[in-house]
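So the chains spell out like this:
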Amino acid sequence: MVPLSWYLIFSAALFSIGLFGVLTRRNAIAILLGVELMLNAVNINLVAFWRYGDVTSMAGQVFAVIVFAVAAAEVAVGLALVISVYRRRNTVIADELDMMKW
Amino acid sequence: MTTELLIWLIPLPPVLAFFLIVLFTNKSKALSHTVGVGAVFLSFLAAMVVFVRALGVEHLGEHPFESAVNWLPTGNTWLKIGVLVDPLGAAVLFFVAITILMIFLYSVGYHNFGQPKGDHDHAGLPPHGATVTDEHGHKHTVPSVEPMYSRFFAFLGLFAFGMYVLVISDNLLTMFAGWEIMGLCSYLLIGFWYGKPSARNAAIKAFMTTRIGDVFMLLGIAFLYSVTGTLSFREIFNETTLNTLASVPTGVLGLSAAGLIAVLLFIGTIGKSAQWPLHVWLPDAMEGPTPVSAMIHAATMVSAGVYAVIRMFPLLTAGYDGHGLTPEMTFVAFIGTFTAIFAATIALAQNDIKRVLAYSTISQLGFMIAALGIGAYVAAAFHLITHAFFKALLFLGSGSVIHGMEHGVLHTGNHNVDPQDMYNMGGLRKKMPITFWTFLIGGFALSGFPLVTAGFWSKDEILADAWYHNHYLVFGTLALAAFLTAFYTMRQITLTFLGEPRTEEAKHAHETPWTMTTPLVVLSFFAITYGWVGIPEKFPLIGGLLPNWFHDFVGHTLAEVPKAPEFSWIPLLTSIVVALGGLAAGYFVYRNVKSPEEDKLQIPVLKNKWYFDELYDFLFVKPAAWISEVFVSKWMDQGLIDGILHAFGPGTGGIGSAIRNYFDVPIINRLIGDGSADATWWVGKNLRPIQTGRIQQYLILSLFVLLVVGGLLYFLLLA
Numbered sequence: 001m002v003p004l005s006w007y008l009i010f011s012a013a014l015f016s017i018g019l020f021g022v023l024t025r026r027n028a029i030a031i032l033l034g035v036e037l038m039l040n041a042v043n044i045n046l047v048a049f050w051r052y053g054d055v056t057s058m059a060g061q062v063f064a065v066i067v068f069a070v071a072a073a074e075v076a077v078g079l080a081l082v083i084s085v086y087r088r089r090n091t092v093i094a095d096e097l098d099m100m101k102w
Numbered sequence: 001m002t003t004e005l006l007i008w009l010i011p012l013p014p015v016l017a018f019f020l021i022v023l024f025t026n027k028s029k030a031l032s033h034t035v036g037v038g039a040v041f042l043s044f045l046a047a048m049v050v051f052v053r054a055l056g057v058e059h060l061g062e063h064p065f066e067s068a069v070n071w072l073p074t075g076n077t078w079l080k081i082g083v084l085v086d087p088l089g090a091a092v093l094f095f096v097a098i099t100i101l102m103i104f105l106y107s108v109g110y111h112n113f114g115q116p117k118g119d120h121d122h123a124g125l126p127p128h129g130a131t132v133t134d135e136h137g138h139k140h141t142v143p144s145v146e147p148m149y150s151r152f153f154a155f156l157g158l159f160a161f162g163m164y165v166l167v168i169s170d171n172l173l174t175m176f177a178g179w180e181i182m183g184l185c186s187y188l189l190i191g192f193w194y195g196k197p198s199a200r201n202a203a204i205k206a207f208m209t210t211r212i213g214d215v216f217m218l219l220g221i222a223f224l225y226s227v228t229g230t231l232s233f234r235e236i237f238n239e240t241t242l243n244t245l246a247s248v249p250t251g252v253l254g255l256s257a258a259g260l261i262a263v264l265l266f267i268g269t270i271g272k273s274a275q276w277p278l279h280v281w282l283p284d285a286m287e288g289p290t291p292v293s294a295m296i297h298a299a300t301m302v303s304a305g306v307y308a309v310i311r312m313f314p315l316l317t318a319g320y321d322g323h324g325l326t327p328e329m330t331f332v333a334f335i336g337t338f339t340a341i342f343a344a345t346i347a348l349a350q351n352d353i354k355r356v357l358a359y360s361t362i363s364q365l366g367f368m369i370a371a372l373g374i375g376a377y378v379a380a381a382f383h384l385i386t387h388a389f390f391k392a393l394l395f396l397g398s399g400s401v402i403h404g405m406e407h408g409v410l411h412t413g414n415h416n417v418d419p420q421d422m423y424n425m426g427g428l429r430k431k432m433p434i435t436f437w438t439f440l441i442g443g444f445a446l447s448g449f450p451l452v453t454a455g456f457w458s459k460d461e462i463l464a465d466a467w468y469h470n471h472y473l474v475f476g477t478l479a480l481a482a483f484l485t486a487f488y489t490m491r492q493i494t495l496t497f498l499g500e501p502r503t504e505e506a507k508h509a510h511e512t513p514w515t516m517t518t519p520l521v522v523l524s525f526f527a528i529t530y531g532w533v534g535i536p537e538k539f540p541l542i543g544g545l546l547p548n549w550f551h552d553f554v555g556h557t558l559a560e561v562p563k564a565p566e567f568s569w570i571p572l573l574t575s576i577v578v579a580l581g582g583l584a585a586g587y588f589v590y591r592n593v594k595s596p597e598e599d600k601l602q603i604p605v606l607k608n609k610w611y612f613d614e615l616y617d618f619l620f621v622k623p624a625a626w627i628s629e630v631f632v633s634k635w636m637d638q639g640l641i642d643g644i645l646h647a648f649g650p651g652t653g654g655i656g657s658a659i660r661n662y663f664d665v666p667i668i669n670r671l672i673g674d675g676s677a678d679a680t681w682w683v684g685k686n687l688r689p690i691q692t693g694r695i696q697q698y699l700i701l702s703l704f705v706l707l708v709v710g711g712l713l714y715f716l717l718l719a
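In the order they appear, the protein sequences are chains A and B.
Taking this note's numbering, the leading residue of the first sequence gets 1, the next gets one more, and so forth.
Taking this note's numbering, the leading residue of the second sequence gets 1, the next gets one more, and so forth.
Please note: incorrect hints may appear among the correct ones.
With the Cβ distance kept under 8 Å, some of the chain B side facing chain A (calculated, not the full set) [to be verified]:
1) Arg694
2) Ile695
3) Gln696
Worth flagging that the hints you see were computed from the coordinates, not collected in a lab.
Even for Gly, the Cβ is constructed at its ideal location relative to N, Cα and C.
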C-alpha cells in the first residue's frame with residue numbers, strides 16, 4: 001500500500017502549484033484555475049487522512065463532497081464576475097483591475 | 001418686707017431708671033430727671049431702712065443680713081450669688097445712698113434745667129448759653145440747658161446701680177460685675193462731652209488705666225476660686241480657709257497664696273482708686289461734668305477701690321500676728337503712704353479748682369490704703385466714709401463755683417476766661433455765700449480742722465494707729481501729707497473765695513439755684529457731724545460723751561474686733577498742729593497773691609505732675625503706638641502679610657504661565673494633541689503605497705505575514 005506521506009507530498013505539491021498560479025498568473029481565469037488546484041489538494045488530504053484514519057466514520061468523504069460543492073459554486077460566481085468585468089473593462093488581466101483602491 | 005428682700009431690691013430702681021430713660025423718656029427732660037432722681041430716692045429709702053434695721057441687730061457682724069441663690073452649676077456644686085449686709089456694708093450703704101441722692105439732685109441744677117435751649121449748642125459739647133430778650137427789648141445771655149440732659153441721668157443711674165451691686169454683693173464675682181459696670185460708666189461720663197478732644201482722650205485714658213488694674217484683679221479672683229472653690233466672702237473669710245491660704249506658699253516673691261491673691265486684688269484697687277502708679281487717669285477725669293467728678297471721687301468708683309481692699313482685709317492680713325507687717329501689707333502700706341504724699345505735692349501747684357480736688361482725692365485715698373496696710377481697719381473705713389461726704393461736698397461746691405463763674409462769663413461775653421482757673425476768681429465769698437460756707441466746711445473737714453470736723457477724727461485715727469503700732473515712717477509721711485493737704489486746701493479757699501475779685505467775670509458771679517445748694521447744705525451737715533460717731537473713748541475732755549459707736553459697729557465685721565489704739569498725745573498734737581499750721585500757712589502765703597507769677601509754688605516739676613504723663617507717654621504710649629503703627633501695621637501687616645498675599649498673585653501667575661508655556665502648549669497641545677493627529681496622518685500617508693488594490697499583492701503580503709507570524713509563534717511557543 002502506498003504510504004500516507006506520498007499522498008501528502010503530492011497534495012502539498014499540488015497546493016503549491018495552485019498557490020503559485022494564483023500569485024503569479026495575470027489572467028483572472030488562470031487565477032481561478034489555481035484556486036481549483038488548491039481546493040483539490042485539500043480534497044486529496046481529506047480523503048487520504050480518512051482512509052488512513054478511522055475508516056468507519058465518513059467525515060473525510062463528507063468534507064470532500066462539501067468542498068466540491070463550494071468549489072463549483074465559487075467557479076460559477078467567479079466566472080460570472082470575470083465575464084462581467086471583461087464586459088465593462090475589456091480585460092481580464094488582474095493587474096489592471098485596481099478598483100479596490102479608492 | 002424682709003430685710004433680705006429689701007437688700008436685693010436696692011440696686012434695681014437705678015437700673016430700671018437707666019432703661020426707662022434710654023428707651024422712653026429722652027423727649028422730656030423733666031420726666032428724665034424725675035425718673036432718675038425718683039429711682040435713686042427709692043434706693044435711698046430702701047438703703048436707709050436696711051441701715052436702721054442693721055443698727056437694731058445685736059452682733060450684726062456674726063449674723064449679718066444675707067441671702068444667696070444658686071446661680072451657675074459647677075458640677076456637683078453651685079456658684080452662689082447673693083447679698084450681704086454686714087456692719088461694714090451697712091455703713092458704706094449709708095454714705096453711698098446719701099451722696100448718690102445728693103449728686104442726682106445737684107445734677108438737675110448743674111445742667112441748667114428750666115433754662116432755654118442754647119443758640120448754638122451741640123450734643124457732645126457743654127452748653128454755651130442762650131440769648132433771651134426781656135420785656136424792655138434788652139438782650140441777655142443766660143445759661144442754656146445741657147443738650148444731652150436725659151443721657152446724663154441714664155448713665156448716672158447705671159453708675160449708681162453698679163455701686164449698689166458692689167456694696168451689697170456677698171461674693172467677689174458680682175462685686176466685680178458692679179466694679180466693671182462702674183468702669184464703663186466712668187468711661188461714658190468722663191467722655192460725656194465727647195465733642196471735646198480732651199474729654200475723649202480722658203475717657204479713653206481712664207478706661208485703659210483702670211483696665212490694667214482690673215486684669216490683675218480678675219487674675220486674683222480666678223486664683224482665689226481655683227484655690228478655695230468659692231467666691232463668697234463669708235466662706236473665704238472663715239478661719240480655716242484663711243489659715244490654709246496663709247500657709248500655702250506660691251513661690252512668687254515669697255508670698256503665701258493669701259498674700260498673692262491680696263496683692264492681685266489690690267492692684268485692681270490701685271487702678272480703681274487711682275493710687276500711684278496708676279493715678280494718671282483721675283485728674284484727667286475732671287473733663288467730665290462736675291456731678292460726675294463728685295460721683296467718681298466720693299460716692300462710687302474710687303470709694304469702691306478702697307471698699308474692695310477693706311472687704312479683702314482678712315485676706316490681706318492672713319498670717320499677720322500684730323508684729324512686723326507681712327510682705328503684702330508692707331506693699332499696700334508703701335503704695336498708700338507714697339501716694340498720699342506724692343499726690344499732695346502735685347496738688348500744691350495746680351490752678352484748676354477741680355484738679356486740686358482730684359489730687360486731693362488721690363492723696364486721701366492714699367491715707368486709707370496706708371491705714372489698711374498697717375492694719376488699721378476701722379480707721380480706713382472711717383476715713384472712707386467721712387471723706388466721701390466732704391469730698392462730694394467739695395466737688396459739688398467747686399461745680400457750684402464754676403457754674404457761678406460761667407454765669408459771669410456769659411454776662412461779660414469774654415469766653416477767653418477759664419471759669420475753672422482759681423486765678424480768675426477771688427472774692428466769691430460775697431457773691432455765693434452758701435457755696436462759700438459749705439465749701440469752707442468741706443475744706444476744713446478735708447484739712448482736718450480740729451474737733452468740729454469729721455475729717456479730723458478720721459485722719460487722727462489713722463495717725464494714732466500708725467503711731468501706736470510703731471510705724472513711724474508711715475506716721476511721719478502721712479503727717480507731712482496732712483500738712484500739705486491743709487495748706488493747699490487753704491490756698492484753694494483763699495484764691496477762690498477770699499480777697500477781691502481778680503476778674504470782671506468773678507464780679508458778676510451768681511449764687512446757684514436751690515437744686516445745687518441743697519445738696520451742699522446736706523453734705524456739709526454730714527461733713528461735720530459724721531465725725532462724732534467715731535470719737536475715741538479715751539479722748540481728753542470729750543471722749544466718752546458720745547460712745548465710739550463706729551469702732552464698735554464696723555469693728556465687728558471682722559471675726560476679731562481690732563483693738564482701738566491707746567490714746568497718745570503725740571499723734572493728737574501732730575494732727576492738730578499740721579491741720580492748723582497748714583491752714584494758717586496757706587492763708588498767709590496766698591492772702592495777697594494776685595496772679596500765678598507771684599505764686600512761689602508754681603514749680604514746673606509739680607505743675608507737670610512729676611512728669612508722669614510724659615514718662616508713661618514715653619514708656620508705654622509711644623512704644624505701643626510704634627509697635628502698632630510701624631511694627632505691626634507697616635512691617636508685619638503691610639510688609640510681611642500683604643507681601644505674602646501679594647506674592648500669591650505673581651507666584652501663581654508665574655507657575656500658571658510656566659505650566660502653559662513649558663508643559664501645556666508643547667506637550668499637551670503640540671505633542672499629544674497635534675502629534676497624535678500628525679502621527680496618524682503620517683502613518684496613513686506612508687501606508688498608502690501598499691494599498692495597491694491588486695489582489696495578488698495582498699495575497700503575497702498576507703502569505704508573508706502568515707509566514708512571519710507563524711515563524712514567530714513557532715519559535716516563541718515551541719522553541
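Right, here's what the structure says about each hint:
{"no.": "1", "hint": "Arg694", "in the structure": "holds, 6 Å"}
{"no.": "2", "hint": "Ile695", "in the structure": "holds, 6 Å"}
{"no.": "3", "hint": "Gln696", "in the structure": "holds, 6 Å"}
Hint violations for this structure: none, all hints satisfied.
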